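> Letter by letter, the chains look like this.
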Amino acid sequence: MTARTHQGPPAATLAAIAGIVLCVAGAVSLQIARDRLYAGHSRETARILYVRSGEAVKRLALDFDALWADVYWIRAIQHYGGERLNDVGRRNYELLFPLVDLTTTLDPYFSIAYRFGAIFLSEAPPGGPGRPDQAIALLRKGVAAQPGKWQYLHDIAFVYYWHFRDFDTAAMWFQRAAELPNAPNWLKPLAASVLGAGSDRASARFLWNQILQSEEEWLRRNASRALSQLDAVDAVDALQAIVNRFPPPAGGQYSWEALVRRRVLRGIPLDPVGTPFELDPATGRVALSRSSSLSPLPQHLQIPPS
Amino acid sequence: MRAISCIAVSVFRESVRDRVPYNLVIFAILLIASSFFLGQLTAGQDVKIIKDLGLAATAVFGLFIAIFIGIGLVSKEVERRSIYGLLAKPISRPQLILGKYAGLVLTLAVNVTVMTIALYAVLAYMTWTTAPALQTAWDAPGIDARLLKSVFLIFVELMLITALALFFSTFSTPLLSAALTLGLYIVGHFNADLRNFETVVESKTAAWLARGLYHLLPDLSAFDVKTQVVHGLEVPAGYLALTAGYGVLYIALLLIVSILIFSRRDFK
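Heads up: the protein sequence lines correspond to chains A and B, in order.
Under this note's numbering, the letters of the first sequence match residues 67 to 372, in that order.
Under this note's numbering, the letters of the second sequence match residues 29 to 296, in that order.
The shape of chain B in the complex, shown without the other chains (with noise of 0.2 Å):
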């Protein structure tokens, strides 16, 4: 457990140092810019846009760090030759793609916190600056807590995306890892319809094979509820519960194989 922590932290340090936090400074000007521009142009709709621009951008921003870093955790280790010298220390190769994985969690932990304290920062000086009046106008009330549960589904997505670009920068280049990766996060969009594809083909075997695809390929769209949180609209608690489960279980099932091939793997 020490060790994974220790692989961990060091991975955290390595994005700080690789000028990860910077994407904090560009969503908070982000944020404010568009705080200070919508309202002449939505009528009446500023607060609803930022919430959908706060939810989106911390969707994309976490995004592009779990590919990018997520790529590279294991190939950059491999093609500058340092897995060497971390292997012939008392770490075990599981140790070492749970560590990494951590790491970038972290990572997006603290982007993601941040992001989200940014996002209720604007959004209470939006309510405080508003008049009451205009107020009742809104769908949702503008600080509120339901917002939570949307960063709660990104943060499991971006987890699970993750895993996905650690699972494929095991064993294949980083160019090549960012194009599965991303691959994969735009079909995990499309798979829901896989599930109904029974009704638009006849084939059973073709119907039998789409239905096996969707439960194989992550099922990326039940992570989004930005439009119903926004709205003001109910997420029920079993929802979240079985998305973040099935997410979990998705991340366990790649990281298991993660180190399944990564174990295997001849560094000689």
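In isolation and in its complexed conformation, chain A is listed as follows (with noise of 0.2 Å):
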């Protein structure tokens, strides 16, 4: 009778082992390398969409139709995340649409979708393609898939207000989003005020301030950087009128330094992010500066130069 010894793992296995071991670690050095060399190319890819066609990739989705639209929905995310992280010249948002309109023809009623599309393809660049057209078009596709959500043509009267400045037709769609049943009881003096006074700051306030009212972050998120946007717009105002007040000595060049000297300023003025206004040395003009994340501006609140 012989008893048996442990010997350990026979020399065939360890040998296994070591192959694998040799092989991830190969595959692994190689996939490095590949996506160094060639980081363009992966980019390159991402920005591909081999579908466009709403209508087939439902028809290809068979039963899972819901769950592509949750694919697309990711994409779409990760397509405008990914490009607002790009350098500004090198920002490409030609994919925001198709993926939106795909997500919302597999899933009708993905809301989100709709509304996001609404904000960030009408939003000018750099921050976005500049396609409140698209956005109106999404939005109405929306309208279509649920006539009854008040939220699309709030959505509607927005982009009309903020991105084309055509008030009429905004109070318009604000009208009609009030007239639908569930809707906020602040839409109907919104409508009136938008008629009345559309171009005023005050609307525009109160507008955001609604959106920041949203349950989705994102779109609070986007409400309070406009809210901080109108803010330091109104603070350029007030600081340009003490700089016309308090012009500098004969020969002097405009600096928020000499202001403060002078106790005209407590201290150098900050935007509502912390970064400091601009000052003109030689025109006296006040800006916000550049390298603030409010800038830039949109069109319509830039100040022109006096």
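Keep in mind that the hints were calculated from the coordinates and are not lab data.
Please note that the accuracy of each hint is not assured.
To be verified - To list a few chain A residues with every Cβ distance to chain B over 12 Å, as calculated:
id: 1; residue: GLY85
id: 2; residue: SER119
id: 3; residue: GLN200
What the hints assert, rightly or not - So, partial list: chain A residues that the calculated Cβ filter (under 8 Å) puts toward chain B:
id: 4; residue: ALA132
id: 5; residue: LEU133
id: 6; residue: ILE178
id: 7; residue: GLU283
As the structure is a prediction and not an experimental result, all values here were calculated from the model.
Glycine included, C-beta positions come from ideal geometry on N, C-alpha and C.
Starting from the two chains in their separate frames, assemble the complex, guided by the hints.
Here it is, written out as structure tokens:
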């Protein structure tokens, strides 16, 4: 009778394990090398959308259209977020509309995709593609899918108000939204106010404050940024009045330091995100700093040079 | 009845021996891993996507079980020649078919039940860990009984696909049965297009033929109410009853035809 002794794993097993480790290490190394050498390639392929027809994808999805809608939704978020992180000159949002369009064709009740599209498609470059027309088209699709949803009509009105500066059409859409059941009671007075004094900042502030009450975090974040921009524009106006009232002595240059020394200001003025405002030494023109995260301001909020 | 239940239990045990319940582990891992990652990717839509994913995975796993086990229910017995031993016992051929079908339906029922419990557990966890203020942005509550409506129709659809697989299994090889069942599954989802065929063709005969095919082929797209329940939209009880009734009658038809074919087969 012989006793079996523990001899450890046989050589063949050890060789197989070593082979597996070598293969994994080799494959990972090659992958890293490829990603480093051809970084542009993966960025370009990320910008390819093979199928753009929502109806075609809907057919191919069989029972799983809602799940495919989620896939396209995640791609839309990644595309938008990825382009926002790109250098300003290289940002390209051309896939944003087809992606949210596909998402909403596959799942017509995906409210957030319509609202996300409305806000970000209409945002001017470099923050977005600057396509309020596509935003309107997307929202109209949402209205067709869910005619009772006042939020879509409100968003259409908002795009007309904020991006097209078409106050009559904006007021008409606010009015239509107000007439829907479950619409909040502030929509009716808003329609009147937009029609009466559409271009004033108070109306814009009121609108953004309403969006700030939204349940969606990213909508609130966007509204908060827009309100900060409005605050910054108000601050620029106030500072410009001060600068005009206290010009430098003859031959001197405009500067915040000089105004602080003269005790006109208590310190160098900062915008709502803490970046100092710019003051042109030659002309005395006050402006939001280009390095501020609030920059650039929407076209209609930009203060013309005096 | 006793013979049918004995066969059903034996089919269920065989599926357990074939490691079918392993798919439940994959399902649980898929859901838990997704709930962890999706929060970072979906701009607040993680609960909606977990619901979509959970329901779609229930349907896909069930579909694979229904097709790949269903096609072997009868043909495997014939190939292994164990059919002779079975038929020598005091079991009639209809009892054998019904027992085999009931066994696979039992496997699917256990599978769908466990998956539904896992889905609700993940949703309960997500609801519990999400601030009430953020939950107001959801179209429907995290733990929503309406999801069960979709689960119910998925189960009826799986029962129908099982009946289809069994039907093909009574006269065809496993490979051909799989191809035919999968083909009919795909066709069944395009079936609704045949209903309105007369709007795109002028020929009355073609339109009539299309309408006939619409009624003959299984209308599987009707069983899909996932989008509605995920968004908290109402699916009327009448719709559920009519669709389930349609499914049950179609299953009965397939089982009757399967029994007829199998009863006439000569195993000499």
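> Confirm or reject each hint.
Here's how the hints hold up against the structure:
No beta-carbon of chain B comes within 12 Å of the beta-carbon of A/GLY85; the shortest separation is about 28 Å. For A/SER119, the non-interface assignment is confirmed: its Cβ lies about 16 Å from the closest Cβ of chain B, beyond the 12 Å cut-off. No beta-carbon of chain B is positioned within 12 Å of the beta-carbon of A/GLN200; the least distance is around 19 Å. Because the smallest distance between the Cβ of A/ALA132 and any Cβ of chain B comes to about 5 Å, under 8 Å, the interface hint for this residue holds.
Residue-level restraint check for A/LEU133 holds (minimum Cβ-Cβ distance to chain B is 4 Å; threshold 8 Å). The interface hint given for A/ILE178 is met, as the beta carbon of that residue sits about 6 Å from the closest beta carbon of chain B, less than 8 Å. The interface hint given for A/GLU283 holds, since its Cβ lies 6 Å from the closest Cβ of chain B, which is under the 8 Å cut-off.
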